[in-house]
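Peer 1: Quick note, the sequences are listed as chains A and B, same order. Positions 96 to 209 (this note's numbering) are the ones given, in order, by the first sequence. Positions 95 to 207 (this note's numbering) are the ones given, in order, by the second sequence.
Calculated from the structure, these hints are not laboratory results. Warning: the hint list may mix true and false statements.
Said to hold, decoys possible - Restricting the straight-line Cα-Cα distance to at most 27 Å, the calculated cross-link-like pairs of lysine-lysine (DSS-like) are: (1) A:K111 x A:K157; (2) B:K194 x B:K150; (3) A:K173 x A:K157; (4) B:K171 x B:K150; (5) B:K194 x A:K166; (6) B:K146 x B:K194; (7) A:K110 x A:K173; (8) A:K157 x B:K194; (9) A:K173 x B:K194.
What follows is each chain in one-letter form.
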Amino acid sequence: EAGVVQSPRYKIIEKKQPVAFWCNPISGHNTLYWYLQNLGQGPELLIRYENEEAVDDSQLPKDRFSAERLKGVDSTLKIQPAELGDSAVYLCASSLDGMNTEAFFGQGTRLTVV
Amino acid sequence: GNSVTQMEGPVTLSEEAFLTINCTYTATGYPSLFWYVQYPGEGLQLLLKATKADDKGSNKGFEATYRKETTSFHLEKGSVQVSDSAVYFCALSDFGGAQKLVFGQGTRLTINP
Numbered sequence: 096e097a098g099v100v101q102s103p104r105y106k107i108i109e110k111k112q113p114v115a116f117w118c119n120p121i122s123g124h125n126t127l128y129w130y131l132q133n134l135g136q137g138p139e140l141l142i143r144y145e146n147e148e149a150v151d152d153s154q155l156p157k158d159r160f161s162a163e164r165l166k167g168v169d170s171t172l173k174i175q176p177a178e179l180g181d182s183a184v185y186l187c188a189s190s191l192d193g194m195n196t197e198a199f200f201g202q203g204t205r206l207t208v209v
Numbered sequence: 095g096n097s098v099t100q101m102e103g104p105v106t107l108s109e110e111a112f113l114t115i116n117c118t119y120t121a122t123g124y125p126s127l128f129w130y131v132q133y134p135g136e137g138l139q140l141l142l143k144a145t146k147a148d149d150k151g152s153n154k155g156f157e158a159t160y161r162k163e164t165t166s167f168h169l170e171k172g173s174v175q176v177s178d179s180a181v182y183f184c185a186l187s188d189f190g191g192a193q194k195l196v197f198g199q200g201t202r203l204t205i206n207p
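Kindly generate the complete structure, drawing on both the sequences and the hints.
Peer 2: Shown next as structure tokens:
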């Protein structure tokens, strides 16, 4: 069974440019998460989807970050415009539902803003 | 708010040594507790979990016991292997599920042959 797939694995962009990350969760998983992991830190939740609905986006900086999960499957996280401080690893995870104790993580996208 | 504090790394041990990685937490209720592991080049994987006080989670020779009185969930293994080299994250969730995981900062473990 395929795990959570993220692309790209690495991205280097200049500041003020837009960037987008893509995530394909495990088939059948209704809950999808985007996490931000700064260097040397643990992941921090940005947004959680239940199917296509964003049920917790309280930590998403909405001035420059946006996310969507059309049709309740794949998801895209976008930053526009990117800032130097956005350099980090962006992790996607999925679980059967929000009450399930196991979240499965993708390998992440490492973003470098120069 | 909820928080998790882990033993600072990096930790370097020899093969077959005993491992302890300390984890303490702050939470308003009775959270579920988790250890996740990240092997080089891979995504985070759930290693073990405990959902109530005095529960012991175990997997792959690793163990951790949910201690409410000391608000701790220390990870232990009796004899580590080179293949255990990874970054270990302690985490909690207020709701029992994965929907609001709060992670510690991670502890990098290196095992030398």
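Peer 1: Are the hints correct? Go through all of them and say.
Peer 2: The hints, checked one at a time:
{"no.": "1", "hint": "A:K111 x A:K157", "in the structure": "16 Å, holds"}
{"no.": "2", "hint": "B:K194 x B:K150", "in the structure": "21 Å, holds"}
{"no.": "3", "hint": "A:K173 x A:K157", "in the structure": "10 Å, holds"}
{"no.": "4", "hint": "B:K171 x B:K150", "in the structure": "13 Å, holds"}
{"no.": "5", "hint": "B:K194 x A:K166", "in the structure": "23 Å, holds"}
{"no.": "6", "hint": "B:K146 x B:K194", "in the structure": "17 Å, holds"}
{"no.": "7", "hint": "A:K110 x A:K173", "in the structure": "14 Å, holds"}
{"no.": "8", "hint": "A:K157 x B:K194", "in the structure": "19 Å, holds"}
{"no.": "9", "hint": "A:K173 x B:K194", "in the structure": "22 Å, holds"}
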